[in-house]
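J.: One-letter residues, chain by chain:
Number of protein chains: 2
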Amino acid sequence: MHTIYTEMAISKKILLNHGSGGKLTHELIKEVFVRYFSNGSELPLTDSAIIDGDTQKLAFTTDSYVVDPIFFPGGDIGKLAVCGTVNDLAVCGAIPEYLSCGFIIEEGFEFEKLIKIVSSMARTADKAGVKIITGDTKVVDKGKCDKIFINTAGVGRISLKNENIASGINVKPGDKIIINGGIAEHGMAILAEREGLKFDTGILSDCAPLNKMIEQITTGNDAVKFMRDATRGGLATVLCEIAESRNLGIDIHESEIPIKDNVRGICDLLGFDPLYVANEGKVVIIVDPLYANRILEGMKKNELGKHASVIGEVVDDHEGLVAMETEIGGRRIVDMLAGEQLPRIC
Amino acid sequence: MHTIYTEMAISKKILLNHGSGGKLTHELIKEVFVRYFSNGSELPLTDSAIIDGDTQKLAFTTDSYVVDPIFFPGGDIGKLAVCGTVNDLAVCGAIPEYLSCGFIIEEGFEFEKLIKIVSSMARTADKAGVKIITGDTKVVDKGKCDKIFINTAGVGRISLKNENIASGINVKPGDKIIINGGIAEHGMAILAEREGLKFDTGILSDCAPLNKMIEQITTGNDAVKFMRDATRGGLATVLCEIAESRNLGIDIHESEIPIKDNVRGICDLLGFDPLYVANEGKVVIIVDPLYANRILEGMKKNELGKHASVIGEVVDDHEGLVAMETEIGGRRIVDMLAGEQLPRIC
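Residue numbers (our numbering), protein chains in the order written: chain A, 1 to 346; chain B, 1 to 346.
In case anyone wonders, no lab produced these hints; they're calculated from the structure. Watch out, some of these pointers could steer you wrong.
[Unchecked claim] Restraint-style ranges between C-beta atoms, simulated for each label pair:
1. B:Lys13 / A:Gly174: 23 to 31 Å
2. A:Asp222 / B:His307: 31 to 39 Å
3. B:Lys301 / A:Val34: 51 to 59 Å
4. A:Ile169 / B:Leu270: 39 to 47 Å
5. B:Lys306 / A:Ile169: 32 to 40 Å
6. A:Glu110 / B:Gly271: 27 to 35 Å
7. B:Val34 / A:Glu303: 47 to 55 Å
8. A:Glu319 / B:Lys306: 47 to 55 Å
9. B:Ile115 / A:Phe71: 55 to 63 Å
[Said to hold, decoys possible] Computed far set for chain B versus chain A, every beta-carbon distance over 10 Å:
10. Val32
11. Glu106
12. Ile132
13. Ser309
Each residue gets a CB set at the ideal place from its N, CA and C atoms; glycine is no exception.
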């Protein structure tokens, strides 16, 4: 922690990597936000906070969306702003119910685009079964923001049986790790659009609300021990975070990780490791091994889980680290992302 | 509505005035956000939404803060981001409990400033008795946002007896209108700082969390029929909105409206009507006339209400309009603000 603080003290300025979802983001959260906001208590600034109620618990979360470009194959900033917050609630075991939305719009932004974004938000909210019930709009002078930024906050209800899913406190060696489909699609769709690649990659962002699928697999059983959506920082970051926070070893098998051929191709071409590329419709689920197949089969019946796969397991070895058996038969340690090459991916 | 839509269709682009809190903001909310998000139901996108629960109701609100400058006499963007959302919850009769915060930060922003802002948020939250429990940070390239933007969303609990305060459905002729102190201080403090006025105006923003004072005056009685904080658009906008929405007449008396001499002086000098200038620590309260004095006396015991004043009453005349008896003995209609001269005031 001291070296971290020193690193911040040396840079003295916010770097793009402080928003990457990787190491620098973690340091910023620990050293600035948690330090000042925790107020002596144990409240962590997690993706979703869980609020104790008299008769039930609430989950509460927020994200700001600054994605560039604002329209991309498979989605737009509005769809993303609904999916991201719905998914943050769903992966902590909550049923997402209500969203707020705060718009910061650059002067001169076309109404036509705003209406396209807002109607996309409405459609996505409808699909997810959530209601957008409060909002705010600020307009800033031309050149003082980039087109449009959207914040959504979300409130959901969480049952007592799900309250430990976000922390993964019940995860133990032997548990199986599942992902609901192909990785790296969102990041590569954004990149292809941004770079205006001359050839048609055909890659669509996987941006989707996962709450209905998650509700299906968590209802009526206690098998799900941990879930997290693999957004900024990709699959690798989720696995590194849970391995580190629970001090458990994780083994994954490269051959079992779903990835579409065109996504793999463009990653290879541009030199990106798909393990670290952002997804917006993928959830990592750690489950009791006895129920792993049942949950996998359940997921495959859902459109958003039809390519679901068991990609690895929690092991009683190399605590705090993620190891991957590669397709060519070797083994490598999967590290936490230090920086990120793709700012403004969400 | 049709003319409004036409006006939007003609402009085709977002104007600074769409963020003013005045007429164009109302049109944007009605014609874009409510149109697409209401989804056939009656959900209005009010400042705070009220969520029905099994045993209690929740209030939920959000605001983005883009104030420029980010540090100003009497506060900073962080203090503002906490006060604004706390006050939005409090004026709908809720007890604010939890906040989220979403930061959008420009690459290169100094850590020292970030820490100053974050610690100001922590102090203000502490003072208001709310907890900041979830957050998000995005960093955008230099030149793609202006220093720092902050979104806060807030959740509070609301008792059944207070659930009609936000709509003002029980307001009727004879009710008294109270404000808790001097107007136009926030707007003029920002302007003075922004313009770098050579002389020292001595004006501080009134930015403050009003929830404790409001809790005092709403506890143990049903006298409070409506409350709203007079932010963007000022006192006049709040009065015009309630007069129009409930189709009631409102009379106010200029001589009873508190305003500090230096604030009045700078408004005169620069040609601003203080009725329309933003406040960040002022609430307009409409109360049963039988309890008006008791509530006024209660407010005056609180530091934030010591200059409270009964400024007018609801009348059975000129429905939908606000009339002001001026200090020189005349009478004028107080119109809804068409535009605003002060963008990025909050």
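J.: Each hint: holds or not?
T.: Verification of the supplied hints:
1. B:Lys13 / A:Gly174: 23 to 31 Å: Between Lys13 of chain B and Gly174 of chain A, where Cβ atoms are some 59 Å apart, the hint is violated.
2. A:Asp222 / B:His307: 31 to 39 Å: Violated - the Cβ-Cβ distance for Asp222 of chain A and His307 of chain B, about 58 Å, lies outside 31 to 39 Å.
3. B:Lys301 / A:Val34: 51 to 59 Å: violated (37 Å)
4. A:Ile169 / B:Leu270: 39 to 47 Å: With a Cβ separation near 59 Å, Ile169 of chain A and Leu270 of chain B fall outside 39 to 47 Å, so the hint is violated.
5. B:Lys306 / A:Ile169: 32 to 40 Å: Check failed, 50 Å falls outside 32 to 40 Å.
6. A:Glu110 / B:Gly271: 27 to 35 Å: holds (33 Å)
7. B:Val34 / A:Glu303: 47 to 55 Å: With a Cβ separation near 31 Å, Val34 of chain B and Glu303 of chain A fall outside 47 to 55 Å, so the hint is violated.
8. A:Glu319 / B:Lys306: 47 to 55 Å: Distance hint for Glu319 of chain A, Lys306 of chain B is violated at roughly 60 Å.
9. B:Ile115 / A:Phe71: 55 to 63 Å: Since Ile115 of chain B and Phe71 of chain A have Cβ atoms about 36 Å apart, the given range 55 to 63 Å is violated.
10. Val32: Nearest chain A Cβ is 6 Å from Val32 of chain B, so the label is violated.
11. Glu106: Check fails; 7 Å does not lie beyond 10 Å.
12. Ile132: violated (4 Å)
13. Ser309: Fine: 29 Å to the nearest Cβ keeps Ser309 of chain B off the interface.
In summary, the numbered hints that this structure violates are 1, 2, 3, 4, 5, 7, 8, 9, 10, 11, 12.
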